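Asker: Here is what each chain is made of, one letter per residue.
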Amino acid sequence: MSTRIVVDPITRIEGHLRIEADIENGKIKDAFSSGTMVRLLEEILKGRDPKDAWAFVGRVCGVCTSVHSLTSVRAVEDALDIVVPPNAEMVRNIMFCTQYMHDHVVHFYHLHAMDWVDVVNALKADPKKTSELAQSISHWPKSSPGYFSDIQTRIKKFVESGQLGIFANGYWGHPAYKLPPEVNLIGLAHYLEALEWQKEIVKIHAIFGGKNPHPNYLVGGMACAIGIDDVSGINAERLALVGQLLQDAKEFVEQVYVPDLMAIASFYKDWGAIGGGLGNYLVYGDLPTNGFRDMASFKFPAGAILNKDLGNIQEVDLRKDEEVQEFVTNSWYEYREGKTVGLHPWKGESKVNYNGPKPPFEHLDTAKEYSYLKTPRWNGHAMEVGPLARVLVGYARGREDFKAVVDKALTDLKVPVTALFSTLGRTAARGLESVLIAQWGLEFFDQLISNIKNGDTRMAEMSKFDPATWPAQALGVGYSEAPRGALAHWINIEDQKIANYQLVVPTTWNASPRDGKGQLSAYESALLNTPVADEKQPLEILRTVHSFDPCMACSVH
Amino acid sequence: MLRRVYVWELPVRFYHWLNALVMVALVATGFYIADPLALQSQREATGKFTMGWIRYIHFAAAYLFFFNFLARIYWGFVGNKFANWKQFIPVSGTFFKEMWTVIKMDVLMMKNREHMSIGHNALAGFTYFLTFILFLIQCLTGFGLYAAMSDWWFPQLFAWVPALFGGDILTRQIHHWAMWFFILFVVIHIYLVFYHDYIEGRGEISSMGGGWKFIEEEAFEKEHTHTPNPE
Amino acid sequence: MIHETLPSPPTYYEEVERKGYSRREFMAFVTTMAAFMGLENSAIGQVVHALETKSRVPVIWLHFQECTCCSESFIRSSHPIVADILLDKISLDYTETLMAASGVQAEEAMKHTMEKYRGEYILCVEGSVPTGADGVYCMIGGKTSLQILEEAAAGAKAVIAWGSCASNGCVQAARPNPTNATPIHKLLKGIPLIKVPGCPPIGEVMAGVIVHLVTFGKIPELDRLGRPKAFYSKRVHDSCYRRAYYDAGLFVESFDDENAKKGYCLYKVGCKGPSTYNACGVMRWNGGTSFPIQAGHGCIGCSEENFWDNGRFYERASAFAGFGIEANADTLGKAALAATGVGIAAHAIATNVRKHKLIAGKVQEGKISEKEFES
Ligand code: HEM
Ligand code: HEM
Ligand code: NFV
Ligand code: SF4
Ligand code: SF4
Ligand code: F3S
Ligand SMILES: [Mg+2]
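So the sequence lines, in the order shown, correspond to chains A, B and C. Letter 44 of the first sequence, counting from 1, is numbered 44 in this note's numbering, and no numbers are missing. Positions in the second sequence are counted from 1; adding 557 to them yields this note's numbering. Positions in the third sequence are counted from 1; adding 788 to them yields this note's numbering.
These are computed hints drawn from the structure, not numbers from a lab. As the structure is a prediction and not an experimental result, all values here were calculated from the model. Worth double-checking, as some hints may not be accurate.
[As the list claims (entries may be wrong)] Listed next, the stretches of chain C that the computed footprint assigns to chain A, with coverage defined by at least 3 CB atoms under 8 Å from CB atoms of chain A:
id : segment
1  : 857-866
2  : 878-887
3  : 961-973
4  : 1040-1050
For each residue, glycine too, the CB sits at the ideal point set by N, CA and C.
Using the sequences provided together with the hints, build the complete structure.
Answerer: Put into structure tokens, the structure is as follows:
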């Protein structure tokens, strides 16, 4: 007999996720992923000015802040046939790289680490040994014995105060924690350091977009005019700050994040065979180096992989009616044409219809609708999106930069390439792509500088800003590779207003309920067969779910 | 036979023309504030104050507008009967009856007869009453917005207004929308003044200048029916 | 659990002392803090006293209909930095975003604080509460957000409504507000509540509000809309460094034009700074790096109630629902003016027709008088 366990709230994620899982013989036999909060922004967008949409959808998420705004202006620009100036493209790329690095580092240390790092156990570490270990894996200067012993003392006092705050009630001492105290202490020290660091890198958003979270975007380009000879515009000082921050970020990723990741991973190699799930991966592609229309110039190449077949990459077309479709068979929505049809987002609908149990309740009725997420499918397939998908597609497409980082990691950890299809692989891929992104950020920065040097100071294409210049009807799709994966917005503009606006979001792909054919989506599929040592302390569920970096506000929107 | 009647006392006339003047200034500067011109200038911004002056005129006119308005309300209690507040607020059946008569005569043109009132006719009076309410709204929203720009206690008296509308954004929009009612009022008002002069021939237009109207003898015999809210 | 077996919590000062800081360093910290909060020198003693005598204030931070950007903004605070707030100033006993525990363990942590510190903890709320469909649009642990809010507020000392979501409903409350997203103050009565609007609020503002609460043990002075005066008493426009251009009447006419490069005022491209109360122009964002206007985009009024529905972001005037995107008050006004013109013309013609006799009579009368005068 299996027992049903419920983890709700799943914490250290964005938003409201509930997992119900059936455990049999210490393993998960079936799992249900439910998003339990909805805002219906797609309904709220109707009738509004397409130029304003970026601000509304920006508020879909403050964790992956800016990615929806970017995707939105791309959708409107696609519909109205606007080509943004190269400087704007570079600024957007730099902001996107900033977002990736911030999001990935915060995820690793503040949302994911406590699944692997036992904070309380760190108190047992020997600071001197910790220091030696830290210096053996990285050149990061803050690694003296004194540094670690200060941190340790601070945390000890904190724990002794009796008020454990955010660390209260963690699964400390759980048998699945495998790290030696010294690695735990490094993890804890860098938790605090990353907390300080993360507020620095986002200054890049403040420079180009005025603030973070939720920097400003503009249909047609960016609002941050270049005024090389003016104190108000983007000038040498502003650019120098951006360059400095990108440099510092690269340093942090290379000297702190990735060494920690590899050190921790080396103790959890068994997780290279757990939590793989679907084996289908989808990437839309992003980070143009020669304009958004030249897909071949993307730093992240697009493509789809089915059944882990790295030898066969399929092309993706977001405009085709049959490729991307959303189903609501198990979701709290209804379509005009009934529960069984799938809708391409240009024809998408978002009419909510909750028919779950009346709160307060113990269990959802998982035999019928059980989530506010719709279920997206690509040519009928359930797909995983995210860092792992991106790294696999880049790797499988034979891109040298991808191969270099992936092969090095596999060699260092002494694991085969198949270990990537796992919880550990997912977490590792996030770090590996961060190394690439840190590098690309600097390349985009150089490209921006040389463009300005060559006399091009354009930042926005305003000729189609006035709605009077628009066609009576226009369809557009904007897409991007958000930190959590493939993201796209589809817009229908009619009479200068939004007639329909649909988002299909990375976490919607990954965390959605099963479809009408019974195919599980990525979370549910990855949870199958995950061992659970103690049903009362389902740490393993957190590991696999967190490896996707859930964002529920995004997924439901 | 026409008789000369001193209808509009000096304070009323003074009020009227000052009001007309500041209203024109407020509308003109209001438009400019809402949508300023695209100026080109070689001068440093610190040496220019175009928007500043426009706003200064708006606010100065606003003060005149407000206190002038207060003075008129005062005069509604102490002035002659043509200036009395009862000319504006319908509190009796005769007032409504007269309004209906005016509508029939001047708007629907059903009666082809001369109108007999000496001061404001009831409909005009009532329209001014509505306009006064709008004055009040404009002053409330205007000074409510102005409170954020001034430390003086007087504008601070209005600081609660934006809070009522949840903030300045909506308050400012109401202020802007209300402007259009003034514009429409003035256009119709001036037309009607000319209209009455034209068909009644009592010197309506000049009455706001010298205060005199020229009224038919028989009007005095039925005088009580022409004061909408008799004492 | 460890905390139940331990003696009463040490004070800030004890903690600072144990961390190896001197009394002088402690005083320097207090003075900076006080200056940051805009306090008189005479209040420093109060701060010192507070820090010397209090344990870390327990905080429960609830998450409802939100984008978690307020939490993100909070961790961007540069003074005090968030690690120090979490380790030294407050005891953040519940927040879904950062806490280690999940599921039942998370719920237990909240319950523990609600019982042990009844009447003492601060309740922070991020996000709005959907009251549509009996609250099913936001459920956590099988309960609706409204149920959770009411339970948690019952024993709270004060409530902080973080961001525009909790203060005003924000984006999900924009027309047609399909889930009936409701700000917190409309649901809680009889408990001190501080609104900290902004989408999100500035990190240092959030930290500043918390620091004020824990050091003084009372809520900061609020304005008429319930916002701390320290951060919301001035319009962005009043502290905007482009104000000189506004006063001069020099404006950006279109993004990326010559005027934009020169940093002219953004009023004509829709800046809502003149109607928005926030500290952006003074404190700026992300450790003082910049703020929207400095980066060339107008203020969208993100700390104002209903800023989503009060006008488009690139227009000065607001559009009227139902009259198309481009119809604003002036479009309607001009139409009304034209209609009035037509009406007047029609009336003038009608007058001459229908009152023909009357007018003819007057003319006749005049002619007779004229004759009499001549003779
Ligand atoms: C007939 C009376 C008035 C008219 C037609 C008028 C019209 C206007 C208009 C059209 C605006 C621009 C609104 C926008 O930005 O869209 C404005 C702004 C303003 N008005 Fe008035 N107004 C009148 C009376 C007043 C009064 C009595 C005050 C009291 C102080 C006042 C204070 C203001 C203020 C403070 C502003 C905002 C100016 C700024 O922020 O720079 N107005 N007015
Ligand atoms: C901006 C322009 C104007 C405004 C705002 C305005 C406003 C007003 C108001 C508020 C009254 C009521 C006076 C009272 O009893 O306190 C009034 C009455 C009057 N106004 Fe004007 N006025 C304007 C222009 C004019 C002009 C151009 C004329 C004629 C040359 C005129 C002639 C009169 C006359 C004759 C009355 C009294 C008539 C009656 O009660 O119907 N006004 N006006
Ligand atoms: N899922 C998701 Fe997002 C991301 N990355 C966005 O598109 O997190 Ni808030
Ligand atoms: S107020 Fe704005 S920033 Fe804060 S949670 Fe709501 S949408 Fe996000
Ligand atoms: S840019 Fe905005 S806030 Fe600054 S002066 Fe101009 S209108 Fe005011
Ligand atoms: S948009 Fe918001 S961030 Fe400040 S400048 Fe305006 S209040
Ligand atoms: Mg959607």
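Asker: Each hint: holds or not?
Answerer: Hint by hint, here is what the structure shows:
1. 857-866: That given contact holds, which follows from 9 residues of the segment 857-866 of chain C lying within Cβ reach (below 8 Å) of chain A.
2. 878-887: With 9 residues in contact (Cβ-Cβ under 8 Å with chain A), the coverage given for the segment 878-887 of chain C holds.
3. 961-973: n = 7 at 8 Å, threshold three: holds.
4. 1040-1050: holds (count 7)
Hint check: no violations occur; every hint is consistent with the structure.
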